[in-house]
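K.L.:
Sequence:
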Amino acid sequence: MFAGAKKNSAAPGIDDLEEMSGTDAAMPGAGQVIVRLFAEESQIGYLEHSSKVELVQIGAAGQEPRSAEIVDAAPSASSMLGRSGPMKAAEGTEPGQVSFYTVRPSANAPIPGASVRIESAPPAAPAPGAAGGPAKPPTALAGPEIGLERSTNAQGLAFFPELVVGKSYVAVATLYGKEVRSEAFTVSADQAQSIAFAFEWPDQSIREASFDGVASGDDKVYIAKVFADGRQFLSLPFQLTADKGAAVGIFMYPELLFSMHGGAELDDTRLWFQTRISIANPGIAPLRMSAKGLMIPLPKGFMGASVADEMTSRVGVESGQGFLWRGAVPPGQRDFVATYALPVEDGKVTFDMALPFGMRGGRIVLEDLPGMELRTPEGAEVKNSDQPGTNRSFIEMPNINIAPQQRLVFGVTGLPQYSVWARRTRIAVGLVVVMLLVWVVFVVFFKSRSSEHVDPELQALVLTREKLMAELVALETERRHKREEDKPYQKKRDRLNTRLAAVYRQIDDHKSSVRNSN
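This note's numbering puts the first residue of the sequence shown at 1, with every later residue one more than the last.
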């Protein structure tokens, strides 16, 4: 915006379509449009079932779109290699004649329809130190020999009987815009000659459609589209200039791409996963999967699912299903951080997650705990690694690539387990906390009201005790419902218990002193 031309500039507009189109095709001439179709391997079926491309002028209401048949695309000149050299004289070539042969060596097949052009050979440079004045300019080919050009026949051959014996020439063969020049040769009266041109290019599954006579102008914007098996694929919008056409691409990808990167950490009863979930809409239009939005399944039996605060307005949690991306998915990639847990039962965790859109380049990392074993499907890639500067080691599943409508399944066994008495102790502690809470409510709302005499010192101690009890209740509640590391929790609980014990002693001492004084 800041480096552009002035509004009243007469210079032509900046044309960046050639860089943006991704077609690897040169821009065609004025009024021409080339639409190339590319399909990912998993989407080849759509390419095979496509027969026509439509060209639509945006904003031209009521105007019928133009259509063109889809054909195999020619290779680009930049992808081709070529060379030339003499060969055994072709059959039917007589002394004093020269034939030209075009071939694709990898297919061992002649190339019909290639263009062969004859030019006069440049003069040979004089030998170093040769006597005499400057060399005379070469004599131009006379009459019909100037600009001789023919196409190769079905056998890949082209003949030029007009060539003059004793004259030197250069042949230029052109195929799909790629030119190959021969070495200079002289026509001999007593022998036949043949010159071969070899062209090679990579095999490609690219198809295209072309349009002629397409109008240009600042008010004319076009888009190309293809329908295949109920899906619509679109190109980027584009324009033509007065002196140049347009080459655009239509890329056939799955409707939605999905990936997941993250790790898992164990607490006493759950394996917690924190992952970055990525969804990508490779099209150029928003994608609406349903009236509610896009459902992203989570593993069977998940619990405690949540997303980062900044994404709660866009992503919600559907109980028993997974995450819901609300509304349409815009073009491009969108990421969000998610947390969820799987229960640990008898030291085992099973991860079983449906992948309606497949997974591309996923990655999951687990801490390698003593005795733990990771069980993956046959052929899955697994790596072990150590964290520098620590005694911790990890197991990584990188490059997870799974086709759509499949599942990501793996298991973890040998995880540390809490004993039965430890679980019972936690339950007992929870019951004690509830009883203490009920007792606090009774003291505050009933017993305190029945007391006629108010002791300020005792009242202050009781309030301190109630405050500490409330903090202990909150801590235990948080421990049961929210993930927290063991050490901080243990320290907080020990500190609260120590302070509570001290307050109870102070209350007992105070009551004893009051009784003795009475």
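Check the hints yourself; a few may be wrong.
Claimed, not checked - Simulated pairs of lysine to aspartate or glutamate, EDC-like, Cα-Cα distance not exceeding 16 Å:
1) Lys167 / Glu183
2) Lys300 / Asp352
3) Lys52 / Glu69
4) Lys292 / Glu265
Treat the hints as calculated values from the structure; they're not laboratory data.
K.L.:
What's the verdict on Lys292 and Glu265, does the C-alpha distance respect the 16 Å limit or exceed it?
P.N.:
32 Å, violated
K.L.:
For the pair supplied as a hint, Lys52 and Glu69, is the alpha-carbon distance within the 16 Å limit?
P.N.:
5 Å, holds
K.L.:
Holds or violated: are the alpha carbons of Lys167 and Glu183 at most 16 Å from each other?
P.N.:
14 Å, holds
K.L.:
Starting from Lys300, check that the Cα of Asp352 is at most 16 Å away, please.
P.N.:
OK: Lys300 and Asp352 at ~6 Å, within 16 Å.
Comparing the model with each earlier hint shows a violation of hint 4 alone; every other hint is respected.
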